[in-house]
Structures are given as structure tokens and as C-alpha cells.
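Start from chain B and add chain H according to the hints.
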Amino acid sequence: MPARARRVFVIDDDHSVRRGLARLLAAAGYRVETFESGPAFLERSPPRGEHCLVVDVRMPGMSGPELRDVLRAAGRDSPLVFITAHGTDEIEEDLGMETVLLKPIEADLLVHAIDAAITGLAPRSGKRQRVARH
Amino acid sequence: MGVGANKSRAQRESEPARLAGLLRRISSELIRAPHHSLGNTIDGALARLGEALAADRALVVTRDPYGSVEHHVWARRGMNGHARGTSNGVDSLLGGLELDHTLVCRTRKQLPAPVLQDANPPAQLGSAILVPLHNGGKTEGVLAVTARAPRSWAPTAVKATEQLADMLAAGLDRMASQSSLVKEQEKRLFAEAETRRLRDQIAHAGRVSMLGELAASLAHELNQPLTAIYTNAQAAHRFLDRKKPVLGEVRAALHDLGQDCRRAGDVLGRLRQMFRRHETERVSLAVGPLIEHVLKLLHEDAVTRGVEVLLDARGDLSPVNGDRVQLEQVVMNLLVNAFDAVTGGAGPREVIVRASERNGSVEVAVLDTGRGIARADLERIFEPFFTRKPNGMGMGLAICRSIVEAHGGRIGARNRSERGSIFELSLPAITSAQESAGGTP
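Protein sequence lines correspond, in order, to chains B and H.
Counting with the working numbering, you get residues 11 to 144 for the letters of the first sequence.
Counting with the working numbering, you get residues 4 to 444 for the letters of the second sequence.
Next up, chain B with everything else stripped away, as it sits in the complex (with noise of 0.2 Å):
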């Protein structure tokens, strides 16, 4: 089991794919929550340490974006990874500069793109890093 303590915070309205989250997840070693809204996991206290957000792009009520946006307007910047199950043309605008990744899921590209966010190598400026399904 590799020595990471990173905590991966799951927000995606569907609870199959949370579970196969979560334990994908926790198989590659990290600390997971889930949780199945945006404002569920507002309720939470903020997480501290090393940590990063799984983000479910289009969920009902508060979209994956829109998250993003209270988080950051609270000051919170918490590492965050775009998923989602649709393509990315609508959202373009949406989604700022953080990765996204096209369900479903690759599980090395998630852990890649997880450690990236929280240490930083994601790309922050220029042209937003996007993994493409293949």
C-alpha cells in the first residue's frame, strides 16, 4: 500500500458510481468521503491537510461548477478534479482551469490527475490540461 494519507473528497449524485469511487479510491491508498451534492459537502467542516475534490460536472441543483464557484468564493481553494458523463463543449466556460476527466473513468488518469491537483503540476494557466477519453 503506497505511504499516502490524501484525502479524496467524492461529490457525484449517483450512488453506484460513488461506491466504485470510493473504493477505487481507497484501493489506490487514498481517504475518501462521498458525498451526493454539492451542498452535502458544504455542511462538512473543511478539510485541512492534503486533500483533493472529485467533482461530478452536472448533478441537480448545484452543478460541479457552480460548487467550485462557492467554495472559491469563500476562500476555500481545494485541489479540484472535474468528472463527468457528458462532453465538455456545452460547459467549456464552466469549467475554468481544472482537469477534467471523461467518465468512465480511467483509474491511473484519476490518481494522476488527483496527486497533480494537490501538488500543484496541473497546469493552472494557459491552456486548461484536459484528458480525453480514448
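Fair warning: there could be bad hints in the mix.
[Said to hold, decoys possible] Here's a subset of chain H near chain B, in silico, CB distances under 10 Å, partners left out:
1. 39
2. 40
3. 44
4. 70
5. 152
6. 156
7. 256
8. 262
9. 269
The hints are simulated quantities; they were obtained by calculation from the structure and are not laboratory data.
The structure presented is a predicted model; accordingly, all values stated were derived computationally and were not measured.
Even for Gly, the Cβ is constructed at its ideal location relative to N, Cα and C.
Relative to chain B, chain H alone:
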């Protein structure tokens, strides 16, 4: 205890019965909930309990054997000052959870210290009912109902919360176990209800292209279980590849994976059922009124987009044999495509729908004044996943073709000589001889 002393006698008496009814409904929903929507069902249950108890929050935090934590939260409208980043503090209970029985906290002072510490701002937490979720003797979660003000919780409220905790524990247990308590019959009833819901949804289509929507939702409904399947498969590999393989988690992953395969299969089954020939209702349909009905549904869309639609239908057309909803889908899809074609450019925004009869067939043609279709695309335009629209799924025309062919008809597309394109479909007409013979050969 003076609980409910300020309530009228009638209210006090009806409350236990009301709560009992509420819990019965929640219980049956939890039992019927398919694997993938258990989360939504839990959310709904929390909302109802929270409302019924006039609480400010209701939440469940659970932890699976591997330590992953799951949160479900309902908060009264206006309760969540998200911009400030509030916290209910309840997740802290899982850290060193020593809750082995229900804790009724009437004031802040009675709340467990870690909860109070993590609640932010603390003013949001004045009283609470905290109930552990017992699962096979192992505490693995907590159900909390909280209020901003101090409150002496009625015994009925405490009991209802405990009952919901039992149901949730059982529901989560069912998810984790291989066997399902749901009887086959209940499952079938659920599947049938789902199919009906989908059909109704389509039947009540308004203004938008439902086929496009159906295809998009189909893609989404399949993508979710596929994502869950794929992540579980990858997780299982990783757990197996450890020096000490974690077989319990591999087993759990395989179990979930199977559930999601079934979910994906159900999605396809529902779709198949919707379009299956013998499942569809075949009635004698007048094509003219059918087109008029679709035009009515699309009227606002046409007006908004500045499209002029002309209907040219003979009044003495023979009827056709078919499924009204499906054929309306086809006409609607062709019209929405035509709207898209004429609003794309600077040309005239004119769409003509023509209905005529020839050689024992009723023919419907939709003519647009758009840019037409590239010659190379004409042959492929009815293939699944073929699209020239930026956000298209390429399913609309493919579904149109399968519907028309299931009705024994044909559909085709060509360019008009002047400008734009024509989509034509023909369906076998019911001749007067057939009609008098009762429609049976």
C-alpha cells in the same frame, strides 16, 4: 415532560399516526429502491423526516468496512449558509464514534464535544437527536436530526428517528449483501412502473425533441453504470494485486459490479420494451390530426425561433396502423431537425409538412429551406451515432428509421433542387376493404 404542550390536542393525537404512515412509505421505498438509486431514496427519506419533525437538518453519515465515508444531508431551505462554508459537525462523530445508543440532546450543552467543536458556525446547532446505525452489531454510521434552537424532542420524534435508523441500516445491509430481500414480483412491478414512466414521459413531450432527449438520457443512464462497473473492476484488480490481497473488498467490488451490469441491462431492456413491436399499441390513426398535434406541441418553439411552418395535408387520407406516441416521435424529430436546418443560416426560415397518399401508402414529407445535406452524408444520415450537429448524439434519425420500419414503412432523405432538404416517410395505408374486414388478414 411538557412536550408538545403548546400544540392543540388534535395535532398531538394525529402526530404518531402521521409519522407511522410516513415511515411506512419510506420503508417501502427503501425496500424497492434499486441499487443505484438508494442514495436518492435516502435523501428523500431524510427530507421527509426532517420536514415532519420540523427540524433544521437531517443527515446520515456512514462508513464502509474499508473506511470510506458517505454523507447524506437534508437541510431546511435557507438553513445552509453555503457561501460561509457551514459545517454540521456530525461527521466528526465517526472519528472515534462511541455512540452505542440514541442520544437526545435538548440543549447545546448535551451535545458530544467533538460535534460541537466542529459545528461551524456553532449557532446552527442547538439541539439534536443522534442515533447510531447498527449493522450486524457493528456501528457503522449515525443518523442525526438537528435544530438550531434548543428543543425538548417529543418521544414520537425520537422513536421515528430510531425507526428510520433501523430501516437505513437494513437498506445499507441489503446493498452490502449478496442476497436481495426484494421479491421478484416487486422487482417486476418496479420495472413495469419504470417503463410506464418512460412512456408517459415521452407521451407528454412538449416543444423539445424527445428522441434527442431520450438518446441523451439513454447515453447518460448507461454511462453511469459503466463508470461504476469500470471503477469496481479496476479497484478489484488493485486489491488483488496487493502483497496481501484484500479478498473482502474484491468480493464487494464484484458484487457491486454485478448489480451495475444488471442496471445497464435494465436500461436496455426498458428501451427494447418501448419499441418492441408487440408491446406497442397499434391503432388506426389519421395522419393529418397526428401532424397537427405535433405542430401544436412545437408551436412555441417555432415562434421563438422565427420559423414559419406550413401544413399541406389532404383531408381524405386513409388511416394508418400504428403507435400514436411513436409516430408522433418520428414527425416531431423530423420537424425539430428542419427547424435546426433553417435557423442555422441566413436563408428563409420556412418548413413545409406535406401529407399525401400514393400507391396504397400514406406519405409524409418535411421540407426545409436550409443548406441541404452533403451528398456523402445522405447515405449515412440514418445510421446510429452519425451526426453533423455540434452536440448531437446521432440517434434521432436512427430511432426514426427503426420506428418507421417496425411499422412496415420506409424513410429517406434527399436534397431539394432549389435549396434545403426533404425527409420523406411512407406508411402502409389501411384501405377501406381492410377496414371493413376488421383489419385481420
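These are the hints, each one checked on the structure:
no. : hint : in the structure
1   : 39   : 4 Å, holds
2   : 40   : 6 Å, holds
3   : 44   : 9 Å, holds
4   : 70   : 7 Å, holds
5   : 152  : 19 Å, violated
6   : 156  : 21 Å, violated
7   : 256  : 6 Å, holds
8   : 262  : 7 Å, holds
9   : 269  : 12 Å, violated
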